[in-house]
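**Q** Going down the list, the sequences are from chains Y and P.
The first sequence begins at 1 in the numbering used here and counts up one residue at a time.
The second sequence begins at 1001 in the numbering used here and counts up one residue at a time.
Using 25 Å as the maximum straight-line C-alpha spacing, the simulated SDA-like pairs for lysine to any residue come out as follows:
no., chain 1, residue 1, chain 2, residue 2
1, Y, 4, P, 1016
2, P, 1152, P, 1070
3, Y, 4, P, 1156
4, Y, 4, P, 1004
The hints are simulated quantities; they were obtained by calculation from the structure and are not laboratory data.
Given the structure is predicted, the values throughout are model-derived calculations rather than measurements.
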Amino acid sequence: MFHKALTLVLFGVLAMGAATLTYGTYFDKGFAASVAGVMGAGDDGDHDKGDRDHD
Amino acid sequence: MTRLRLPTAFDLLLLWHGLFAGAYTIAYLTADGAPGLHEFAGYAALALLALRLLAAVIAGARAPWALPLPRAAMWKNFGRKLAGGNFGTLRGRTPFAPLSGLVILAALVLVTLSGLAADWWKWEDLHEGLAEGSLTVVLIHVAIVSFGPLLKKVGETRARRAAATDAAALPRSV
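Please model the entire structure based on the sequences and the hints provided.
**A** Shown next, in the form of structure tokens:
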């Protein structure tokens, strides 16, 4: 029971992490910045909504 | 052969816990440096909370999706056992588990709603304060939910080992 609970909870955490990285890669600041952000090492204060190409 | 079966309501509740834990952790980690991801994780957490409360309304009093209300009978039974010196009742599920579940649900509703409000008004400080406080509530909930079952498992393992040692020490009949 304990192992099953742990497995399902870890699966949920991984699914949420993958969904956030996918969102960050395609709709925010790209893969590398998203990985850094998810690991708590993001360095950006402003958020460009929806588009990462802003030149 | 392994037989596939549909997930039970309890499996789905565990999966919900995992998704919510993921959304909460990511929202916490991205609070300072990645606002886009923070908003994504925050909205996901809010949607998951709404889903949980909707499921509780639909489920009514049926476990496991019913709201974790600590019932008076549960507290009385627990208190009577403790007063009688039966500390074994601390192993397994105690009434503190549903109580901490209810407190954490209320705290997280406040955190996510204040985050939503911070999108429109200058409520960042309130949201940040509530979120920092909620981490303590989360850690207490995890400790309460894990501690009882872990104690029970340790007790069972010890009893099994002791039984195996006793069986090995018995003289074998010829």
